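Asks: What follows is each chain in one-letter form.
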Amino acid sequence: MSECTFTPDPDLDDHVIQETRIADAVDRATHAVAPCWPLRDFVAVNPFLGLSHQSFPDVAKRMNKVAGASLFMSRSFFAEALADGRIQEADLEHAMQTEPEAARAVGSVEALRTAAFDRDPDVPSQPLPTVVDVATTVTGADWSELVTERISRWASTYFDEGQAAWANPWRQLQPYAAWRAESRYDRSAEFMGLNGFRAAVEFLPESPHEVIPLAISVLGISDADMELYFHRLLMTHAGWSAFARYHDWQKNLAGERGTTVAELLAIRLAWELIIWRCLDAPDLPDAWRAARNQLSQKPERPDGVPEFSVEILLQTAYEHASQERLLASISKRPQDRAAPRPEVQAAFCIDVRSERFRRALEACDESVETMGFAGFFGVPMAYVPLGSDEPQPQCPALLRPTLLVREGLADANAAELEAADQLQRTHNYAFRIWDRFKRDAVATFGFVETVGITYLYKLIAASLGADAVTPRKSTSTSGYKPNLEIAHKNGQRLGIDFETRVQLAANALKGMSLRDGFARIVLLAGHSSTSTNNPHAAGLECGACGGHSGESNARVLTMILNDPQVRSALVEEGIAIPDDTVFLPGNHNTTTDDVTLYDLEALPESHQADLRRLRNRLTTAARRTRRERAVDLGLSGETGIDELLRARGKDWSQVRPEWGLAGCTAFVAARRECTRGSSLKGQAFLHDYDWKVDTGFEVLESLMTAPLVVASWINMQYYASTVDNRVFGCGNKVLHNITGKLGVLEGNGGDLRVGLPWQSVHDGQRFVHDPVRLTAVIEAPVEAINGVIETHPDLKNLLDNGWLHLFALNTSGIVFQQYLGHGKWKSVTPDVLDRIAAA
Amino acid sequence: MWNPIVLLTLAGPFTLASVALLSRFNFSGRHRFLLAASRASAALSLVLALGIGIYVLAAGPMSAELIGVDPASLILRLDALSMTMLALIAFVGLVVIQFSRKYLDGEQRQGVFLGRICLTLCAVSMLVLSGSLLQLVVAWIGTSVALHRLLLYYDDRSRARSAARKKFICARIGDAFVILAAGLLYMAFGTGDLTHMFKVARELSESGDTPFSAMGAAVSIVLAAAFKSAQFPFHGWLTEVMETPTPVSALLHAGIVNAGGFLVVRFSDVIVLSGAALLALVLIGAITALIGSLVMLTQANVKTALAWSTIAQMGFMLLQCGLGAFSAATLHIVAHSLYKAHAFLSAGSGMAETRSTCEEYVPPSPLNTLAAGVVSALVVLAVGTVMGMAPAEKPAIVALGVVLALGFTPMLARSFSQQHGEFLAGRFLLVVVGLSAAYFALQSGAAALLRDTVAVASIPSGLESVTLVFLVATFGLTTLYALYLPRWATRWPALYVHASNGFYADAIFDRSMGKLTRARFNG
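Quick mapping for you: the protein sequence lines, in order, are chains B and L.
For the first sequence, this note's numbering gives the first residue as 1, with consecutive numbering after it.
For the second sequence, this note's numbering gives the first residue as 1, with consecutive numbering after it.
Calculated directly from the structure, the hints in this document are not laboratory data.
The hints are all genuine.
DSSO-like, lysine-lysine: derived pairs with alpha carbons at most 30 Å apart:
| hint | chain 1 | residue 1 | chain 2 | residue 2 |
| --- | --- | --- | --- | --- |
| 1 | B | Lys438 | L | Lys102 |
| 2 | L | Lys102 | B | Lys458 |
| 3 | L | Lys102 | B | Lys681 |
Bear in mind the structure is a predicted one, so any value in this text is a computation, not a measurement.
Work the whole structure out from these sequences, hints included.
Replies: Here is the structure:
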């Protein structure tokens with residue numbers, strides 16, 4: 001092969017490729033990809049995270065081009081809603097008003113209605129072409145499949161987090177260099193008919209920074225088309241791009257610049273060049289030149305209606321309808337309860353699953369108050385389990401943990417703790433030796449010959465639900481307890497110093513709008529779930545704790561709040577906690593609705609009666625919540641529901657242990673008085689907020705930039721996995737094949753799959769998640785809300801581009817203003833209020 | 001000869017087939033009926049297999065001609081081998097059906113799925129019960145046809161179709177060898193009745209006057225087994241058939257892929273007549289075992305790694321057959337089935353708990369490894385001697401004991417750790433002693449159970465030392481390579497690339513069946 005292996009395209013106008021313009025395009029394309037977290041920290045991510053600076057309809061068009069995705073339900077879905085009256089005429093009219101551009105294209109409400117009952121138009125589901133796609137068309141062999149398969153195979157060994165005992169030897173290199181080094185030996189493509197693959201790899205530049213301009217010039221991509229073309233290429237292995245983005249995300253949190261996605265782009269461009277060069281297909285160049293024009297073309301629609309106009313209107317109408325039902329349950333005059341000192345205050349995570357439990361707990365007694373707060377309780381920590389040096393992040397994905405807390409033992413001195421730590425390390429090491437015996441070459445035969453037969457028992461036990469297949473450490477029974485003492489170990493600073501403790505305590509209490517009126521017992525309940533043999537188990541855990549149980553965060557904050565010294569320091573912050581107030585940590589199991597209480601040895605004798613009463617109420621509330629949830633899970637009958645629900649979590653064949661956050665549609669930041677007594681059906685994130693005590697609106701700022709954004713992430717994750725599970729979801733659980741201990745493939749290969757499983761949004765008969773964009777309701781003056789929006793561009797993007805709806809409550813707890821974007825608000829008209837009242 | 005016991009044996013396959021048949025019709029309450037009936041029929045099969053198995057153990061093997069005239073007759077053969085396999089299949093079937101009830105809940109075609117599972121179970125049951133050549137051939141083909149329908153449960157997936165097609169090609173080649181073997185056997189023995197055939201074969205092995213057709217049949221059986229049990233380089237289908245729900249993989253790896261091994265053990269009396277067949281088993285088995293276990297180490301996908309593990313285990317099982325250790329091979333089939341069924345069904349729990357699990361080991365020092373090797377060998381030898389497995393009498397068991405000792409070596413070497421002290425080494429030494437005892441106990445148990453059922457052969461005299469050296473060298477090198485991976489892998493990086501791609505055998509197969517062009521345009 002000669003020097004001119006890769007020759008620039010003669011048609012390219014601008015032979016001098018502008019490096020900065022390429023770098024910009026790479027930057028924009030790589031940032032258009034949303035990250036996905038590995039399974040052990042699986043948390044919800046807005047799949048359009050990198051595109052929220054564009055409007056929702058524009059992103060719908062873009063995702064259709066780069067991934068063949070649809071951001072809307074099929075028209076038959078809306079037609080059904082129209083037919084059964086869930087969408088009313090008024091909703092259609094409202095949609096026509098709010099989306100004027102689409103409304104002009106469609107014409108009239110009647111036209112819209114007719115269109116809804118039409119069959120789905122032939123939306124081009126074929127995404128923009130790549131050289132590989134064109135080669136597939138030209139040669140009749142599926143090179144697209146081969147390239148995705150090869151990249152995915154390579155990526156699964158490169159990013160592998162511990163599955164393969166014989167690891168990829170080039171993992172220490174940057175992705176492109178690693179891929180190139182390996183590909184020089186790899187004969188697979190040649191055996192599949194791509195002659196000269198290895199020679200072509202030799203000719204590729206050594207640096208990814210050179211491959212990209214080379215590909216641009218050889219394939220003749222114009223400046224204007226680069227970003228879209230790059231984005232399209234990244235979407236051909238969308239899952240691995242997302243995982244690479246996670247790597248970059250972690251680097252960015254640490255203040256470094258991540259280039260993993262750009263490296264993957266270079267690899268994919270290298271494949272474009274290799275197919276371009278190695279394939280014996282004389283028609284390819286001409287076909288490609290014709291095809292690449294599509295990159296810059298505006299798609300022509302036969303009926304002249306801009307793409308998705310009908311869909312965006314129907315979606316808006318559908319959301320409006322469901323919004324009214326929601327606002328009706330929120331918007332009522334708060335009842336001024338004569339407030340004697342509550343007996344118990346119980347704070348839960350804002351997670352929608354807490355709403356049901358809180359309602360049930362409040363229903364037990366007037367004197368029980370509940371609160372909502374992000375489930376990491378404002379403690380941005382990473383937790384180091386005994387016997388490990390690997391901190392596990394216990395805070396939202398948006399944050400970098402700034403504190404390291406290690407697991408300790410209740411009532412153990414330093415020497416005992418050290419001994420326990422060493423023992424745990426020995427156990428871990430022994431477990432790993434045994435694990436290797438199971439799957440090492442040669443040893444594996446001896447393993448089967450001697451131990452294989454014992455799986456008879458394991459199969460029986462697991463089938464009877466008596467053996468949890470996924471090992472779980474039960475922290476509550478074994479005396480483990482977070483250790484807050486300052487210590488230095490292996491170069492890490494562990495523990496929390498006094499000033500920080502006071503700060504954490506003050507921020508948490510202020511964040512909950514809890515400054516006075518403390519009850520005798522204040523329960524801080526994190527949450528977790530129970531499921532076994534479930535790759536996506538972390539997705540059911542507390543998202544605010546990074547996809548882990550919230551137990552340790554609750555325990556850390558209670559330890560701090562029960563410290564008399566901290567309390568006296570808090571007085572200076574204007575928070576006086578009565579001496580007889582005891583904070584109690586707990587954990588709400590969202591699969592079973594049982595609440596476990598911890599660290600009870602700290603509870604004084606005087607509070608034992610309170611504890612008994614609390615326990616009774618928690619038991620009653622749990623039973624009520626389970627009754628309510630049983631309906632959604634298709635469990636009928638009065639008897640045995642408790643046992644059935646508990647059994648689900650231990651069943652290794654159960655693909656729906658619980659519904660997780662399916663159904664999440666609303667976010668409410670207001671005093672509980674505004675919502676107490678209304679059923680929000682487990683669909684609302686509830687954050688306690690009282691703007692009258694929020695000096696300088698600092699709490700408002702933090703709740704709008706963190707919990708609100710996270711709620712929108714979760715809502716968009718469910719939305720996208722519902723409307724197009726093929727692109728944004730991870731498909732069918734019964735086909736899942738865990739790769740690299742970090743993610744799943746569907747079946748025997750293909751791309752890494754991100755997002756939620758089909759079984760998490762669908763029960764076999766119908767969608768369990770209602771695909772609507774989040775409706776946020778905040779009780780605060782609109783000026784203050786505007787002030788926060790204006791100073792936070794990311795938040796402004798989300799709100800101004802239609803990624804969620806925002807309403808404000810007035811002082812009497814009535815919905816009165818809707819955010820229109822760009823700082824403008826609209827009064828909710830009296831007739832709407834009337835309809836709401838009637839609803 | 002309408003023995004009630006024999007008729008009772010048929011009740012299991014008969015109910016399974018009935019459920020499969022009913023699953024093809026639409027009637028009200030069909031879904032609930034199939035959920036209940038599939039589980040009930042599998043449970044019934046298990047109860048019957050266990051009950052009759054105990055009876056057969058007490059009363060001795062029996063064989064009953066039900067219908068037809070030799071060679072076109074239906075004969076059930078009830079002996080320790082067929083009853084063990086029948087119970088195994090019924091057990092795995094019951095576990096798989098129980099698992100599928102919740103796992104596929106909400107699937108519109110769950111009933112169809114359960115019906116197909118029942119049909120497959122029925123076919124495998126008839127295969128292991130076969131007492132005549134014709135029944136064996138029909139059940140053999142029926143099993144793979146029934147499995148094919150399960151592999152195509154999601155027939156809208158192009159990768160599922162492509163994998164099923166690959167399996168289909170291998171299965172048909174395997175079928176051809178089974179039919180060829182059946183023809184040659186009939187030529188050699190003049191009967192389709194297996195009981196009669198094996199009696200003649202034993203007489204032949206004593207007289208040493210083996211007809212050529214019998215030897216040809218033995219080799220054909222070995223080749224059929226190699227295709228059925230996914231032996232290198234015809235293994236590719238097994239690493240791709242996870243395009244269908246997990247329970248099918250469990251059933252396939254625990255119930256069907258064994259059919260090759262079962263065939264060899266069933267015909268062990270014939271196999272031992274041919275030195276070439278035994279040698280082929282040793283070579284195919286050893287090569288597949290080693291390649292499979294090396295490739296397995298490189299795989300990042302759980303189910304793909306499990307599939308490579310099965311390939312290796314099947315290779316090892318055929319190697320055992322080649323060494324004449326047919327009872328050990330049967331034990332291996334049972335143990336591996338139970339282990340692999342569990343491994344597949346629990347494949348959803350393989351997440352990293354902490355990041356640190358992927359950190360590479362510090363490989364043990366050469367001295368530690370040597371010490372571990374010597375200790376392992378001594379323990380295996382000592383325990384074997386104490387438990388009455390004297391090397392002179394059972395050279396095959398001893399040869400396999402060497403492999404066991406090699407397997408213990410890395411475990412023991414790693415446990416000699418400075419950081420964790422003698423505590424750990426002591427514990428693992430106890431583990432090695434315990435496992436050795438379990439090994440020999442299980443081996444003698446299996447040998448006693450199958451005493452009159454399978455052939456007893458030993459490595460041809462004079463070849464003992466050659467075999468031993470061959471095993472120690474190949475399995476020993478592989479053990480060392482895996483133990484010192486971090487160091488050696490970087491020295492020969494190309495080996496990693498070739499191994500992780502399964503030495504390209506599959507890519508060549510794919511290309512010759514036109515995978516790229518077919519997957520997209522024809523299906």
